[in-house]
Amino acid sequence: DTAVSQTPKYLVTQMGNDKSIKCEQNLGHDTMYWYKQDSKKFLKIMFSYNNKELIINETVPNRFSPKSPDKAHLNLHINSLELGDSAVYFCASSQEAGEGTQYFGPGTRLLVL
Amino acid sequence: AQSVTQLGSHVSVSEGALVLLRCNYSSSVPPYLFWYVQYPNQGLQLLLKYTTGATLVKGINGFEAEFKKSETSFHLTKPSAHMSDAAEYFCAVSDKADGNKLVFGAGTILRVKS
Chain V
1 DTAVSQTPKY
11 LVTQMGNDKS
21 IKCEQNLGHD
31 TMYWYKQDSK
41 KFLKIMFSYN
51 NKELIINETV
61 PNRFSPKSPD
71 KAHLNLHINS
81 LELGDSAVYF
91 CASSQEAGEG
101 TQYFGPGTRL
111 LVL
Chain D
1 AQSVTQLGSH
11 VSVSEGALVL
21 LRCNYSSSVP
31 PYLFWYVQYP
41 NQGLQLLLKY
51 TTGATLVKGI
61 NGFEAEFKKS
71 ETSFHLTKPS
81 AHMSDAAEYF
91 CAVSDKADGN
101 KLVFGAGTIL
111 RVKS
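As you go down the protein sequences, you meet chains V and D in turn. Count the first sequence with this note's numbering and you get residues 1 to 113, in order. Count the second sequence with this note's numbering and you get residues 1 to 114, in order.
Simulated from the structure, these hints should not be mistaken for lab results. Please read these numbers as outputs of a predicted model, since none were measured by experiment. No residue lacks a Cβ here, since even glycine has one placed at the ideal position from N, Cα and C. One or more of the hints may lead you astray.
To give a feel for the contact side, a few chain D residues facing chain V, derived at Cβ under 7 Å [said to hold, decoys possible]:
id, residue
1, Gly-43
2, Lys-101
3, Phe-104
4, Gly-107
5, Thr-108
6, Leu-110
One chain only, chain V, in its complex shape (with noise of 0.2 Å):
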């Protein structure tokens, strides 16, 4: 069983579309996240929710918008897709309690035309 997955794992897509990458985590973690890593590797957070309320918002347009349904599941939605948004999107999870390892999906690629 994949502890976290992500879904799709590639996307291509227009600019100007709406797209939307989904996450889901079987290991009963508390937190989740967001990361981006942009062309030059450089991994930065983007949001992350505990228990479905946001707890981490960076500096991200506000035409992403995260949506926790429920403490396993943080989807990333997309307005607008701006040629700059092509990236590899990481969601990852954690316990709240304790170091809060964080444990990484697989990615998703978008790549913006």
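Using the hints, position chain D against chain V.
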């Protein structure tokens, strides 16, 4: 604010040689420190972590790292490189007071020559 600096964006070693990947951090609170590895076109896999206690931590695949508070460093080492170690390695620090978000270094690509 926390930050991580990885010295050397590319490191090349011969198979069987010592691997040393450098990481220095900046943190206003006792840090939690992590090393992750990313193989081409894959996600991030946890190699090892330091939270509290013993400053020399051992991870998977023969890697280890030592937390040195006085040097604000958490360098990653492996005594003998294998071809399969070729990947990109990321050092990260987390701040429990800041939602446990991970702040990553820029990554070091390790190349292993036969």
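Checklist entry - Is the hint on D/Phe-104 kept, meaning its closest Cβ partner in chain V is under 7 Å away? => result 4 Å, holds
Next on the checklist: Take the shortest C-beta to C-beta distance between D/Leu-110 and chain V; is it under 7 Å?
Outcome noted: This hint is violated: D/Leu-110 lies away from chain V, its Cβ roughly 13 Å from the closest one there, beyond 7 Å.
Item to check | Hinted contact D/Gly-43 with chain V - closest CB pair below 7 Å | outcome: Hint holds; D/Gly-43 Cβ to chain V Cβ min 4 Å, cut 7 Å.
Checklist entry - Per the CB criterion, is D/Gly-107 less than 7 Å away from chain V? => result 5 Å, holds
Checklist entry - Going by Cβ atoms only, is D/Thr-108 closer than 7 Å to chain V? => result Violated, about 10 Å.
Item to check | Interface restraint verdict for D/Lys-101 against chain V (beta-carbon cut-off 7 Å) | outcome: 4 Å, holds
In summary, the numbered hints that this structure violates are 5 and 6.
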